[in-house]
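There are 2 protein chains.
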Amino acid sequence: MSLPNDPVEHLIALLSKLPGLGRRSARRAVLRMLMAPETRMTPLADALKAAAAAVKPCSICGNLDASDPCHICTDPDRDRELICVVEGVAELWALERAHAHDGLYHVLGGTLSAMAGVGPEDLSVTPLLRRLEGAREIILALPATVEGATTAHYLADRLRPSGIPVTRLAQGVPMGGALDVLDDGTLAAAFKARR
Amino acid sequence: MSLPNDPVEHLIALLSKLPGLGRRSARRAVLRMLMAPETRMTPLADALKAAAAAVKPCSICGNLDASDPCHICTDPDRDRELICVVEGVAELWALERAHAHDGLYHVLGGTLSAMAGVGPEDLSVTPLLRRLEGAREIILALPATVEGATTAHYLADRLRPSGIPVTRLAQGVPMGGALDVLDDGTLAAAFKARR
Numbered sequence: 401m402s403l404p405n406d407p408v409e410h411l412i413a414l415l416s417k418l419p420g421l422g423r424r425s426a427r428r429a430v431l432r433m434l435m436a437p438e439t440r441m442t443p444l445a446d447a448l449k450a451a452a453a454a455v456k457p458c459s460i461c462g463n464l465d466a467s468d469p470c471h472i473c474t475d476p477d478r479d480r481e482l483i484c485v486v487e488g489v490a491e492l493w494a495l496e497r498a499h500a501h502d503g504l505y506h507v508l509g510g511t512l513s514a515m516a517g518v519g520p521e522d523l524s525v526t527p528l529l530r531r532l533e534g535a536r537e538i539i540l541a542l543p544a545t546v547e548g549a550t551t552a553h554y555l556a557d558r559l560r561p562s563g564i565p566v567t568r569l570a571q572g573v574p575m576g577g578a579l580d581v582l583d584d585g586t587l588a589a590a591f592k593a594r595r
Numbered sequence: 401m402s403l404p405n406d407p408v409e410h411l412i413a414l415l416s417k418l419p420g421l422g423r424r425s426a427r428r429a430v431l432r433m434l435m436a437p438e439t440r441m442t443p444l445a446d447a448l449k450a451a452a453a454a455v456k457p458c459s460i461c462g463n464l465d466a467s468d469p470c471h472i473c474t475d476p477d478r479d480r481e482l483i484c485v486v487e488g489v490a491e492l493w494a495l496e497r498a499h500a501h502d503g504l505y506h507v508l509g510g511t512l513s514a515m516a517g518v519g520p521e522d523l524s525v526t527p528l529l530r531r532l533e534g535a536r537e538i539i540l541a542l543p544a545t546v547e548g549a550t551t552a553h554y555l556a557d558r559l560r561p562s563g564i565p566v567t568r569l570a571q572g573v574p575m576g577g578a579l580d581v582l583d584d585g586t587l588a589a590a591f592k593a594r595r
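Read top to bottom, the protein sequences are chains A and B.
Take 401 as the starting number for the first sequence in our numbering and just add one per residue.
Take 401 as the starting number for the second sequence in our numbering and just add one per residue.
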């Protein structure tokens, strides 16, 4: 009654740790790949290695990208006076997919949380304050949660001395909703109606 | 409005081709991995390469395994006089997980289908007929579909001259159901009640 042996079980165990893949779907995926290892497994392994080697955080905004500074920070067509502050890279990517923002980003790396012991020193706040020169608006695209609101209040306080207008996404983001699972239309509308 | 660039998009595209992973979940998985490439991506890449290099079809039964003959064919504790014929490796693994069978297997590699142009010469039938010596029962664990029934009839005809009893899984497998998504209890019960 032995199950398939080590390399396969090991691979299934690793794959089933990914979000969205349970043990059953990981097994199906592995089996599908094993039917054609040369065309399905080797390219995926190479792509993983290539991404792991190439991708690093942007030293300006914190985006994950194959170049540093990232392709957004170096894009001459983007509005460099608009900085959109996001919790993480997932939210940055979601806003990009929604084509909601044509300026720059700043990845905080989290939100303030007394419960989880996350303080301002754990977030990328000082690097944000150092980027303000020339900015005409800071957009706080933070989640509509207690932590998101607390973080937005805190950042608004820290940004006030600069005199730069600080806006937030419009109501329209569902309460408790995470930005990166919103549909693109809602996200784009909330972005445009920011106040 | 550019999206994250090549290595990441390439990896997402490859991952989203796996069964059970859409583009959105592939993106989430990649992002999760990119947070810790050394501990999450490199081991997965290595596991994929190791499995691709190690795993091959068993030259006796057709199972996919890191050794040839496979660990089932070489297991001295298994009943070598019982051969269970399955459509594919997914079904073999499902029966193993259900602990339904302690004999050997034979992977056909498909089922007969006039529609899909699959004939007996496309399946592992001749290798099965060559394995019959010493067998006391051949169990046809084929899907409860038209193709499965056609294939079972065909195999029963081909096996008749050997005089070896041929059994099928009991009714209890839902009509149109694929073996590898059945719950283990149903699968084990149908196996025991084979006729």
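Be aware that a few hints might be false.
Note that the list lumps identical chains together, so a pair holds whenever it fits in one copy or between two copies.
In silico BS3-like pairs for lysine-lysine, Cα to Cα no more than 27 Å straight-line [claimed, not checked]:
hint, residue 1, residue 2
1, 449, 592
2, 417, 592
3, 449, 417
4, 417, 456
5, 456, 592
No lab work stands behind these hints, which were simulated from the structure alone.
This structure is a prediction, so every number in the text was calculated from the model and none was measured.
Right, here's what the structure says about each hint:
Taking the closest pair of Cα atoms, residue 449 and residue 592 never come within 27 Å of each other, the shortest separation being 38 Å inside a single copy and 46 Å across copies. In this homomeric assembly, residue 417 and residue 592 never come within 27 Å of each other (Cα to Cα): the closest approach is 37 Å inside a single copy and 34 Å across copies. In this assembly of identical chains, the alpha carbons of residue 449 and residue 417 lie at most 27 Å apart whether taken from the same copy (18 Å) or from different copies (18 Å). Taking the closest pair of Cα atoms, residue 417 and residue 456 come within 27 Å of each other both inside a single copy (22 Å) and across two copies (25 Å).
Within a single copy, residue 456 and residue 592 get their C-alpha atoms no closer than 30 Å, and across copies no closer than 55 Å, so neither meets the 27 Å cut-off.
In summary, the numbered hints that this structure violates are 1, 2, 5.
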